Structures are given as structure tokens and as C-alpha cells.
Amino acid sequence: MSAEELKQLKPGQGPHEPEKATLEGKNKFLGFWFFLGGETVLFASLFGTYLALKNSNLDGPSTQELFGLELVFIMTMILLTSSLTSVYAMYHMKNYDFKKMMIWLGITVLLGLSFLSLEVYEFYEYVMHDGHTFTSSAFGSAFYTLVGTHGAHVIFGLCWITSLMIRNAKRGLNLYNAPKFYVASLYWHFIDVVWVFIFTVVYLMGKVG
Amino acid sequence: MEKYAGSTSYEFQKEKNKQDMKFQLVTFACMIVFTLISFGLVIAEFNPMFTIPIILLLACVQVGFQLYYFMHMSHKGHSLPSVFLYSGIFVAFITILAMVTIVWW
Numbered sequence: 001m002s003a004e005e006l007k008q009l010k011p012g013q014g015p016h017e018p019e020k021a022t023l024e025g026k027n028k029f030l031g032f033w034f035f036l037g038g039e040t041v042l043f044a045s046l047f048g049t050y051l052a053l054k055n056s057n058l059d060g061p062s063t064q065e066l067f068g069l070e071l072v073f074i075m076t077m078i079l080l081t082s083s084l085t086s087v088y089a090m091y092h093m094k095n096y097d098f099k100k101m102m103i104w105l106g107i108t109v110l111l112g113l114s115f116l117s118l119e120v121y122e123f124y125e126y127v128m129h130d131g132h133t134f135t136s137s138a139f140g141s142a143f144y145t146l147v148g149t150h151g152a153h154v155i156f157g158l159c160w161i162t163s164l165m166i167r168n169a170k171r172g173l174n175l176y177n178a179p180k181f182y183v184a185s186l187y188w189h190f191i192d193v194v195w196v197f198i199f200t201v202v203y204l205m206g207k208v209g
Numbered sequence: 001m002e003k004y005a006g007s008t009s010y011e012f013q014k015e016k017n018k019q020d021m022k023f024q025l026v027t028f029a030c031m032i033v034f035t036l037i038s039f040g041l042v043i044a045e046f047n048p049m050f051t052i053p054i055i056l057l058l059a060c061v062q063v064g065f066q067l068y069y070f071m072h073m074s075h076k077g078h079s080l081p082s083v084f085l086y087s088g089i090f091v092a093f094i095t096i097l098a099m100v101t102i103v104w105w
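Protein chains in written order, with UniProt numbering: chain A, 1 to 209; chain B, 1 to 105.
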């Protein structure tokens, strides 16, 4: 990175689309979309496994008995909203408003954390009260692998955004870190994309039967 | 970097970003409505043969919104990202089809 890239930028001082203004930024952008293509395949294999095994519940509860829709609905709303707040963060980044970007990223992280704690609570209830564990049946293994992998992505996304915020707190926005913020927000949207299919395929279709 | 300050292109971009943000708010409202419809259909306990295709369709549309507006795939310079993502979706589709059909037959 050059000194030019590290220069802190204020509104009206930089090119539009700061995330793609440097070669490094362009490469990050392309590389990240390539990675998202791979992630799609990863989650597809987990979805495929789940769909194939969801009725193999042995003596454990079936999908219809197990799932409740209230908690899932709240989790869905939280994650959808966090997607919008990260859009707001990127809106302010494009206008070089560093402070507002940080505020919106902070809200995104808080929403992500509340989603995660609800998911932990959900798993705890399944394991402690419903006897639905990773090893109880093929349905259990497939369910926890799919939803757990998504949860692990949420954890990683939270760590990623938080460390970006801490690392760049005093730096302000420049052409070196703008692509980093942009790519992290793409990752956060992708987590939401996967969740849309999880709540439809796992919970809603599980409830329908 | 002074060349950008106060220039018409800067004002233009700012206005354009604002327009984009408005679209994204509408997108968000649509996504919330789709989610409500999906949950509503399941709670109302319609015929599964009717409910399942519709909630799957709503999920696909919602993901499209997310990709094209929230992740800016509708903007210029996203041809390679589209190639990457659609190749992923293509393989994903075949994977799910293979695993599900193994169980069905």
C-alpha cells in the first residue's frame, strides 16, 4: 500500500466507489465474489443432505413436533434488519462519512449478536428439553450441521467486522481500508441470503411437513 | 485529491447514492412483506402442495433482491461476480437435485 492509499479521506475528497478505486480493492472485490460462489456450493451440499435426511428422526421428535415459529420469526426479522443496517453503513462509506459508517456497523454487530444468542438459546432448548442432539438421529446431524455452519458464519462475520472497526478506529476511511469494509458487508449480506433459505426450507417447510 | 471536492461529479454521485438508498429501503420493505406472507401461509395451514412452492418462490425472489440491490449486483462492473455466483448456483442446484433424488427413488 502506498502513502496515497493511507491518506484519510473526508467527504468530497475521494473517488466514488472507494472500494474499487485501487487495484488491490478491485482484486479483493473479484476474489470475494469468487469465494461466495464456492460458499453457495458448500451450503447447497448441506441443504441437500438435510433435505435427504430430514425425515430420518428415529425415536426423536419430527420436524413438525420440534420447531416453533415464534423464535424463528424474531431471528429472521433481526437478521433482515441487520442486513439493512450494513447497507446504511456502506451508503455512508460511499459518501466518506466515517463516523456514521462506524455507528451503523456497530448496530449491525449488535443485531448479529442478538441473533446469535437466540440461536444458542434455541439449540439449548432442543438439546435439554426435546432430546434433539447432534447424535440422536440422522435428522439431528443434518440439522445441526446446516444451521450450525450458518451460525459459525455469523460468529466469523461478527469477529471480522468488529476487528475491522477496532483496527481502523483511529485511521478513518481511506482507499486502503474501504475495500475491507465493503467486502465484510458483502459477507454479512451473504449470511442473510443463506438464512432466507434456512428459514424457508428448514423451519417453514418442516412445519408444513 | 482536491479535484473531487465541490465538483459537479461529487454532487451528482451523492445524489445518486441517495437514490440508491431509497431503492434499498423499498427493497427492505418488500423483503419484510415476503417474510410475513411466508410465515402467514404456514400458520394458516393451507394445503402443503400449495404452500411449499409459494414459500420457495418468495425465498428466491427475496434472495434476488438481496443480491441485486443490497449486494449491488445490478450496478455496473458486476459481470464477473455474476459469472462466479451463477456457476456456484448451477453446481448448487445439481448437488441438491442429486441428493434429493437419491432418497426419493
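Some hints could be false.
Some chain B residues near chain A, calculated using beta-carbon distances under 8 Å [as the list claims (entries may be wrong)]:
#, residue
1, Met31
2, Val33
3, Ile37
4, Ala44
5, Ile52
6, Pro53
7, Ile54
8, Leu56
9, Ser74
10, Pro81
11, Val100
Pairwise CB distance ranges, derived in the manner of DEER restraints [what the hints assert, rightly or not]:
#, chain 1, residue 1, chain 2, residue 2, range
12, B, Val26, A, Lys26, 43 to 51 Å
13, A, Thr133, B, Ser82, 22 to 30 Å
14, A, Thr149, B, Gly64, 18 to 26 Å
15, B, Asn47, A, Leu23, 50 to 58 Å
Hint data in this document are derived by calculation from the structure and do not stem from the laboratory. Since the structure is predicted, the reported quantities are computational estimates derived from the model, not experimental observations. We put the CB at the ideal spot given by N, CA and C, even for glycine.
Hint check results:
{"no.": "1", "hint": "Met31", "in the structure": "6 Å, holds"}
{"no.": "2", "hint": "Val33", "in the structure": "11 Å, violated"}
{"no.": "3", "hint": "Ile37", "in the structure": "11 Å, violated"}
{"no.": "4", "hint": "Ala44", "in the structure": "11 Å, violated"}
{"no.": "5", "hint": "Ile52", "in the structure": "6 Å, holds"}
{"no.": "6", "hint": "Pro53", "in the structure": "11 Å, violated"}
{"no.": "7", "hint": "Ile54", "in the structure": "10 Å, violated"}
{"no.": "8", "hint": "Leu56", "in the structure": "6 Å, holds"}
{"no.": "9", "hint": "Ser74", "in the structure": "13 Å, violated"}
{"no.": "10", "hint": "Pro81", "in the structure": "4 Å, holds"}
{"no.": "11", "hint": "Val100", "in the structure": "5 Å, holds"}
{"no.": "12", "hint": "B:Val26 to A:Lys26: 43 to 51 Å", "in the structure": "29 Å, violated"}
{"no.": "13", "hint": "A:Thr133 to B:Ser82: 22 to 30 Å", "in the structure": "41 Å, violated"}
{"no.": "14", "hint": "A:Thr149 to B:Gly64: 18 to 26 Å", "in the structure": "23 Å, holds"}
{"no.": "15", "hint": "B:Asn47 to A:Leu23: 50 to 58 Å", "in the structure": "55 Å, holds"}
Of the numbered hints given earlier, the model fails hints 2, 3, 4, 6, 7, 9, 12 and 13; all others are met.
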